[in-house]
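Each protein sequence line maps, in turn, to chains A and B.
Take the first sequence: its position 88, counted from the start at 1, is 112 in the numbering used here, and no numbers get skipped.
Take the second sequence: its position 223, counted from the start at 1, is 328 in the numbering used here, and no numbers get skipped.
Think of the hints as simulated: they come from the structure by calculation, not from any bench.
We treat Cβ as the ideally placed atom computed from N, Cα and C, and that holds for glycine.
Check before you lean on any hint, since a few could be wrong.
As the list claims (entries may be wrong) - Chain B is faced by these chain A residues, among others (derived, beta-carbon under 7 angstroms):
(1) Pro209
(2) Leu212
(3) Ile215
(4) Ala216
(5) Ala220
(6) Leu304
(7) Ile316
(8) Leu323
(9) Gly337
(10) Leu340
(11) Phe341
(12) Asn348
As the list claims (entries may be wrong) - Stretch-level coverage of chain A by chain B, calculated; a stretch enters the list once three of its residues show a Cβ under 8 angstroms from a Cβ in chain B:
(13) 195 to 208
(14) 291 to 299
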Amino acid sequence: MTGVEPYMFSNLGTLLLLAGIGFTARVVRRNRLWREAATSLWRRRRLALCVLGVYFAIALLDSVAWKGGVPVDAVGVLPNAPYSIVDRIFLGTVEASYSAPFASVEFYGGSSLRNPGTHPLGTDIIGRDVLYMALKGARVALLIGGLTSLIAIPLALLFGVGAGYFGGRFDDFVFFLISTLASMPGFLLLIALIMAMGRGTLSVCVALGVTSWVGFCRLSRAETLKLRELDYVRAARVLGVSEPGIIFRHILPNLAHLIVITFVLMFSGLVLSEAVLSWLGIGVDGSWGQMIDGARDELSREPIVWWNIAAAGTALFTLILSVNAVGDAVRDVLDPRTQGDAP
Amino acid sequence: MGAYVLRRLGYGVGVMMGVLFLLFVMFFAVTDPDDIARKALGEKVPPAVIEQWKTNHGYDRPLWPWQDLDDNLLFDHYRRMLTFDFGLSDADDSPIIERIREGMGPSLSLTVPLLVLGLLVSIPLSLLVAFFRETYIDRMGVFLCVLAMSVSTLLYIIGAQFLIGKMLRWFPISGFDSDLMLLPRFLALPLLVGIVSGIGSDVRFYRTAFIEESSRDFVRTARAKGASEVRIMTRHVLRNALIPILTQVVLAIPFLFTGSLLLESFFGIPGLGGVMVDAIQSNDFSTLRTMVFIGSLLFVIGQIATDLSYGLVDPRVRFK
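Can you build the whole structure from these sequences, using the hints too?
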């Protein structure tokens, strides 16, 4: 088998991500301020950080995929498709129809299951394991939040820092662009962008990115305006440090805490928006939003099929709650303005 | 003051021009009229039918001014939007303006009570939380807010419909009636869901505003002269904190007209949110375009109104 396939990008992306995390960890460990912030964050939100770690681990296990080594005779298993570690755990446990959690017979029809007792959260209408789908959603959710931030934050920094530092015509242009984008009803703009670009993970992330960079752009512009008048920046200019040198050495490091705060606070909003997009039929495949949307009508069955929506809802809620809790703590730890404010 | 108003209006017009240009790029340059026609009519239609459809909708011209200065889609798009001549829906050829006019009433009958009731619930609650700041009640309140914020609106809606509508049978699951006697029964559930889903972020925002005000000098002065805590909270803190709250409320008013996407379509209210959902599901680009335009226009007007009303509420603000 030759040729580049999507799963290879996923593997490569995982590798890059781990390398990036290792590098960040090194920087944090070397710098006293960041190290203290990290310890303080860990002391305040131990549980929430652990939960996020579990989500992240599941997403990583689902991102590394390879071919081969699968039982060929199992139901619904394609021998030549790449499977991730999470896929391999649940491989071949597809049923014919609904089963309740831990059931040994099918929900409708009453015939016994192929894999009785192996579906701790039951199965959905076409017999897929609910736990499996809920676990798969972790990667999608983290991808939506992460990829979108990767688009939105650099975009906001580019325009915000540029406008704040250079001022003049470019500042006028950026300010006009920001006011224009901010005047369009956010959710409608988001939908319109996805409709115009077509559906798919990347276009959803780009659309979410385009609609969510404005706030941080405004913030970084205002902050840069303040920073460039500070004495040490002026001193650097007098000493003949080049413009890029000033921006990368003296401006950006002073925006780092805002980048971290924005990233964490933005994350939950992005994942929640995707849930609504899924309901409109323009979301990302395999997300919890799609699971909730698909399971919505099942509540009106008799007997009620509730485990579907409960699993997706709990997974989504737990992630968002942890991110929100960590986000508040991150803001308290890093933002000098809220130092010493309520927990 | 007069010069300021004029400048502010001028900037508003400029922003609307920018909005219209972005809309043009999204809906004509990225998805060109042939795409729209094919999505509306189907993939396998003879070219003649597509040309006929484009003529009916006014899409049968070159896109950009440099292709044809007198007759191009860009100028036509500006002219039609600015004269409120929105044309026909791409999906079913009905006039868009009619659907907007029909949808406005039901939308407002949901969103106006939602805004008013939401304020009536969240302002007293946040005042209470701010009153007990840095105690257990405050910490509990903030925690509950974060909890409430972490639930997807989809789940609130589905949960309420299932629990209150289906199991308890208190209110109809969905529906709408223009009869004023029957309307409250249908609106009860969407209103409840709307208030509960917004309460977390609202209470937190207002709490911050209240706490910020209560560390001001005039509050300390009031306390020093012996005013009771309750009097300080209502007379000094509440009245001053109303300025940021007012900004929020005024900026929310434009969106009352465009309705609520989720609530309307889940609860079967024939408003503008429902029009939007229909437009998305049937690839109705012209309706989508019109709705974004109207939403932006109302927002820009609202923003100008907020800026000007600051001067009326807050005597410290001077226009330059």
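How the hints compare with the structure:
A distance limit of 7 angstroms between C-beta atoms decides the matter here; for Pro209 of chain A the minimum to chain B is near 4 angstroms, and the interface restraint holds. A distance limit of 7 angstroms between C-beta atoms decides the matter here; for Leu212 of chain A the minimum to chain B is near 5 angstroms, and the interface restraint holds. Residue-level restraint check for Ile215 of chain A holds (minimum Cβ-Cβ distance to chain B is 6 angstroms; threshold 7 angstroms). The restraint placing Ala216 of chain A at the interface with chain B holds, with a minimum CB-CB distance near 6 angstroms, inside the 7 angstroms limit.
Interface restraint check for Ala220 of chain A: the shortest CB-CB distance to chain B comes to about 4 angstroms, inside 7 angstroms, so the restraint holds. About 6 angstroms separates the beta-carbon of Leu304 of chain A from the nearest beta-carbon of chain B, less than 7 angstroms, and the hint is met. A least Cβ separation of about 6 angstroms between Ile316 of chain A and chain B falls short of the 7 angstroms threshold, and the interface hint therefore holds. Proximity of Leu323 of chain A to chain B holds as hinted, the smallest CB-CB distance being about 5 angstroms (cut-off 7 angstroms).
The restraint placing Gly337 of chain A at the interface with chain B holds, with a minimum CB-CB distance near 5 angstroms, inside the 7 angstroms limit. Taking 7 angstroms as the C-beta contact cut-off toward chain B, the hint placing Leu340 of chain A at the interface holds, the least distance being around 6 angstroms. Interface restraint check for Phe341 of chain A: the shortest CB-CB distance to chain B comes to about 6 angstroms, inside 7 angstroms, so the restraint holds. Annotation: interface hint on Asn348 of chain A holds; nearest CB of chain B at approximately 5 angstroms, less than 7 angstroms.
For a cut-off of 8 angstroms, the count of residues in the segment 195 to 208 of chain A with a CB near a CB of chain B stands at 7, and the three-residue condition holds. Counting residues of the segment 291 to 299 of chain A whose CB lies closer than 8 angstroms to any CB of chain B gives 3, so the stated coverage by that chain holds, three being the minimum.
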